[in-house]
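Student: In the numbering used here, the protein residues as written are 1 to 362.
Don't read these hints as lab results, they were simulated from the structure.
Straight line, CA to CA, 30 Å or less: simulated DSBU-like cross-link-like pairs of lysine-lysine: (1) K75 <-> K149; (2) K85 <-> K114; (3) K196 <-> K303; (4) K114 <-> K135; (5) K149 <-> K303; (6) K149 <-> K135; (7) K114 <-> K156; (8) K156 <-> K86; (9) K84 <-> K156; (10) K114 <-> K149; (11) K86 <-> K135; (12) K86 <-> K114; (13) K75 <-> K135; (14) K135 <-> K84; (15) K75 <-> K114; (16) K135 <-> K156; (17) K156 <-> K303; (18) K84 <-> K114.
Here are the computed distance ranges between Cβ atoms for each label pair: (19) A52 <-> A73: 22 to 30 Å; (20) A241 <-> A290: 38 to 46 Å; (21) G182 <-> A230: 25 to 33 Å; (22) A305 <-> L208: 23 to 31 Å; (23) D292 <-> K135: 18 to 26 Å; (24) L74 <-> G239: 56 to 64 Å; (25) G182 <-> D251: 18 to 26 Å; (26) R242 <-> V323: 18 to 26 Å; (27) A290 <-> A250: 27 to 35 Å; (28) R242 <-> R362: 51 to 59 Å; (29) G174 <-> N88: 44 to 52 Å; (30) T316 <-> R242: 20 to 28 Å.
The structure displayed is predicted, hence computed values, not measured ones. Cβ coordinates follow ideal geometry from the N, Cα and C atoms, glycine included.
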Amino acid sequence: MTNTLLIAAGGTGGHLFPAAAFAEEMRRRGWRVVLMTDARGRRYAQNFPADAIEDVPAATIQSKNPVTAGLAALKIWRGVGAAKKKLNEIDPALVAGFGGYPALPACWAARAQKRPILIHEQNAVLGRVNRYFAKNAEAVACAFERLDKMPAGVRKVVTGNPVRPPILEARARGYPLAPAGGALTILVIGGSQGAKLFGEVIPAGIALLPPPLRARLHIVQQAREEQVAAVQAAYAGAGVARADIAPFFADMGERLSAAHLVISRAGASSVTELMVAGRPAILIPLAIAADDHQTANAESLTKVAAADVIAEADFTPEALARVLSSRLADTHALSVRAASARAAGNPDAAQTLADLAESLAR
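Could you build all of it, start to finish, from the sequences and the hints given here?
Tutor: Shown next, in the form of structure tokens:
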């Protein structure tokens, strides 16, 4: 009889992308995989490798307005009821919660039905939903050695964050040759909450670099759709001969493979992918991230001297230009930082997490 794994995840791609890589590995091992999320989570799950996707109502209680909070609580309660019914039908051998508020109904239902729960935390700070269910879990798997807000007495297993196949391919290709005086590729991945700021600050910072250095640069940058033309024009005006600007790059594995340096937010997936691929970085943690978890995530790269961190409040063209001038002046040092990032990465995270899952299932 085929065992069934139920994965509870949603909210953002940051929760669903690692869950998808884990699901792929579990299916390879012969498991039936069901994803439980909500309507918003389904938008990120179009190509999720599941045998079935189940929607349940979900919400987050953030408003101080009692009516709004009450409606959210009612929606959560309905979601838990729906999740209990679906779990009875599916009868999973294990429920794996990847965080985000859409994971709450499934984890709540699993706890009520005394089913084994595995929690996976992508960030270096345990998220609110994962924190709530950690004491009910057989184990909490995590991406980084550092895991703040972890309740005492809970089994912690460092597995890493499962990554997509294109990132593993970038690792296999190795760091691109960066000859002295040759072309240098900078990849800028702003993410949904970084693109606007990056589109304003980074071209201005590049424009402050010495003209001979600017002429060597190839910039590949994600920008908001309404910013693309302005960002492209800013680079042309700064003497950057090659600049590929787009709201989204479908071939991120290829783009990362070609990059000599990456400028990025410090989301869990971004940091993990930089480590697995082995790329030096300049990280700008999102200031409004809950519990400042992006600064905590960045530590995994800064402690091995593979990244510089600029706080969002200090992220000015001048500050960026200072760091870029230092890093791009020494291509050998860049390759050393790339090797440090690579050595800290865990390309086997999906297999390690799958081994743990199989040991906990019943």
